[in-house]
Amino acid sequence: MPTIPRLARGLLVAGVMTLLSACRSGGSGAGPIDATGGVPVGAVIALTGNSSVIGQDQKIGLELAERHFAGSGAPPAAKGVKVKLRLEDGGSDEQTATNAFRTLINGGVAALIGPSLSQQAFAVDPIAQRAGVPVVGPSNTAVGIPQIGSFISRVSAPVSVVAPLSIGAALRQNPAIRRVAVFYAHDDAYSTSESKIFQQALQRRGLQPVTVQRTNVSDTDFQNQVTDTLRLKPELIVISALPMDGGNLVRQIRELGYGGAIVVGNGMNSPNIYPICQKYCDGLLIAQAYSPETTAAINQTFLSLYRQARGGAVPPQFSAQAFTAYQVVFESLQRLQAAQPPGKPLTALPAAELRRRLNSEILAGRYDTPLGPIRFTPEGEVVQERFYVAQVRMNGDGRSGRFQLLP
Amino acid sequence: MDATLPVQMVLGALLGLSVYLPLATGQLSLATPGFYVIGGYVAALLSTGVAALGGGEPSYPLPSLLLEMGLAALLAAAVAVVIGRPVLKLRGIYLAIATIALVEILRVLNLNLPFTGGAVGIFAIPQPFADPWGYLLLSALLLAAVCWLCARLGAMRLGRAQAAVRDDELAAACMGIDTAQVKLTAFVISAVIAALTGVISAHFLNTWNARQGSFDASITTLAFVVFGGSRTWVGPVLGGLVLTALPELLRPVGDLRLIVYGLVILAGPVVFPQGVITPERLQHWARHRPWRRPSPRAGA
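As you go down the protein sequences, you meet chains A and B in turn. With the working numbering applied, the first sequence covers 1 to 407. With the working numbering applied, the second sequence covers 1001 to 1300.
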């Protein structure tokens, strides 16, 4: 069969040609960016995979921000710079997020918002750093994200700051708590680092966990672990997990008869847990980086936009943070444009220079956002003034509820 | 020009070939992601932990990368020999289950060992190449070498023994073929290919964690072979290239892209039960050469 090797060679050539055709052309950074229809800003969020419930919240936040800042509600200075948002699905894994980041960077975006997960950020932020594209993380809370590079910042306060607050709230509600059980998804980067912070916070208060149970993100049945835990008679259960597994875990803990307090982490900080744990979501304590009750004008605007879009619902933290990330990029672009000499539009700058200036402007600015007034450290870490703790209150139907802020 | 997707496609093709080799010996082994993860951890641990390799330099030295590849290949081969001897006594679905268990054991180990970084894994892995083109060149060279090996196997004693074991193990044993040795050799080569792919992947992805080798990854790599065809090495290569590229090429479709992707995976085995590429189809194409216009031979 001498034809087969020859054919194989032909196929190999065809394969190489397919590979070359898959290489898309992109901006090198030497020329100006293509600002037709507005300065392109990319967003990479998890619309598919096991973190898609987070991505859905973020998508709404970004879309509301885009509509708000492009529309009549935009501040007058914004008239000079239009922003075109390019949303890409980053999936819930590193490979998909890498492709989405590369696609957008090569598509010539001025800045990037994303990715949804800290684990993805460790994979894709170095790519943006090397390309010199500013990244604003809307929900990366793991330790070490802004330290990836000078172009990386985040509007999501690190887990070490936010997580311990809910433990404090639980102990204020019941100062007699002595026996604490800890659950965490040990195959999820975020949940693992958050659980460490929770356990340190417990230790600082002199509380040694009676048990630490490891779960998996893909688990659905926790009966054995819950039974073992309840035998130890805990008075507080602390959970770090993602919405799907965490919601099921809460449900099974309550179904097996536990009536004490439950603190959950930021991974479950979304109304999307309601359909999963239903009436059993009631009473969960969650630390918040966002309060819908803030009276600042920008929050009231965000609130009314969200209510219009979602039939009166209260916005979750992930939506508020995504809105904020967009706002940070948008306002920085505005300020840059305002600082340009007359007749020299921002978009005439070489892409690399525009991105570099935009990054410096992002880090230097102060922002009045739905999260409250924020700024950044030179490293890119967000400095936020206030945090909150909310308790989930489910309605009688067991399908809807709200996050009620604790005083 | 961006070569990110092509790099991932080539890595997909390599993983497809890693699943194909035991399959060409009649062994349904799903251990590929396990060895892939071993390779990735070797690269991640050495490049971030051993300063002498040059991880602190702006560009990670190529000899260090090649050293990692060598060590990863050795480690994977050693693990494959130790595990392969007992496991390859199993057949069919039992072997598949045992290899899934192997992948799962490695995943849990990697999540809990003190030096693998837990769920966060290892990040800030140094870069040997400034852009994806370097990765494309390296992975394409590796793919070309593995393809050449697979193509040569047909003419080698090992390749013919593999085919004999696949078609009828008992008959092959009666012919004097050491079937256990043939199966183990294929398993070890498969493990080495997966580990080498893991080394390139770890640098390419900047970060490495236990999620890279999961049950899902076993099924994805198997899909490369089922879609492309398991009776010739061209099939898994095509399957790996196409199925890795498809979700990205379908991005313009928007929210429907994963549905379309699922439909393609579903339609493949329905329309082509033996895979898209079979030896018969290759011969047919070779005879008819649909891509070449009939023209009189020059000088004839």
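Worth flagging that the hints you see were computed from the coordinates, not collected in a lab. Model, not experiment: these values are computed from the prediction. Some hints here could point you the wrong way.
What the hints assert, rightly or not - One-sided and incomplete, this derived list gives chain A residues near chain B with beta-carbon spacing under 7 Å:
1. Thr48
2. Asn99
3. Phe122
4. Ala123
5. Pro126
6. Asp187
7. Ala189
8. Thr192
9. Lys196
10. Gln199
11. Glu379
12. Glu381
Said to hold, decoys possible - Residues from chain B that keep clear of chain A, each with C-beta distances beyond 12 Å, as calculated:
13. Leu1028
14. Pro1061
15. Val1120
16. Pro1132
17. Gln1181
18. Ala1210
19. Pro1247
20. Leu1258
21. Gly1268
22. Pro1269
Note that CB positions come from ideal geometry on N, CA and C, so glycine has one too.
Tested hints:
1. Against a cut-off of 7 Å between C-beta atoms, the interface hint on Thr48 of chain A holds, since the closest Cβ of chain B lies about 6 Å away.
2. Given the 7 Å rule on beta carbons, the hint for Asn99 of chain A holds: about 5 Å separates it from the nearest Cβ of chain B.
3. At about 4 Å, the closest approach between the beta carbon of Phe122 of chain A and any beta carbon in chain B falls short of 7 Å, and the interface hint on this residue holds.
4. The interface hint given for Ala123 of chain A is met, as the beta carbon of that residue sits about 5 Å from the closest beta carbon of chain B, less than 7 Å.
5. Look at Pro126 of chain A: its Cβ gets to within about 5 Å of chain B, closer than 7 Å, so that hint holds up.
6. Look at Asp187 of chain A: its Cβ gets to within about 5 Å of chain B, closer than 7 Å, so that hint holds up.
7. A hinted interface residue such as Ala189 of chain A counts as satisfied when its beta carbon comes closer than 7 Å to some beta carbon of chain B; here the least separation is about 4 Å, so the hint holds.
8. Because the closest C-beta pair between Thr192 of chain A and chain B is about 4 Å apart, less than 7 Å, the hint holds.
9. At its closest, the beta carbon of Lys196 of chain A sits 9 Å from a beta carbon of chain B; the interface hint therefore is violated under the 7 Å criterion.
10. The restraint placing Gln199 of chain A at the interface with chain B is violated, with a minimum CB-CB distance near 14 Å, outside the 7 Å limit.
11. Hint status for Glu379 of chain A relative to chain B: violated, with the closest Cβ pair at about 15 Å, above 7 Å.
12. Annotation: interface hint on Glu381 of chain A violated; nearest CB of chain B at approximately 17 Å, more than 7 Å.
13. No Cβ of chain A approaches the Cβ of Leu1028 of chain B within 12 Å, the least distance being about 23 Å, so the stated non-interface status holds.
14. Pro1061 of chain B, annotated as away from the interface, keeps every beta carbon of chain A farther than 12 Å; the closest lies near 18 Å.
15. With a cut of 12 Å on Cβ distances, Val1120 of chain B falls inside the contact zone with chain A, its closest approach being about 4 Å.
16. Its closest Cβ contact with chain A, about 8 Å, brings Pro1132 of chain B to no more than 12 Å, contrary to its assignment away from the interface.
17. With a least beta-carbon separation of about 27 Å from chain A, Gln1181 of chain B lies farther than 12 Å from that chain, consistent with its non-interface assignment.
18. With a least beta-carbon separation of about 6 Å from chain A, Ala1210 of chain B fails to lie farther than 12 Å from that chain, contradicting its non-interface assignment.
19. A Cβ of chain A approaches the Cβ of Pro1247 of chain B within 12 Å, the least distance being about 7 Å, so the stated non-interface status is violated.
20. Distance to chain A contradicts Leu1258 of chain B as a non-interface residue, since its nearest Cβ pair spans about 6 Å, not more than 12 Å.
21. Even its closest Cβ contact with chain A, about 17 Å, leaves Gly1268 of chain B beyond 12 Å, as expected for a residue assigned away from the interface.
22. Pro1269 of chain B, annotated as away from the interface, keeps every beta carbon of chain A farther than 12 Å; the closest lies near 21 Å.
Figure legend: structure checked against the earlier numbered hints; hints not met, in rising order: 9, 10, 11, 12, 15, 16, 18, 19 and 20.
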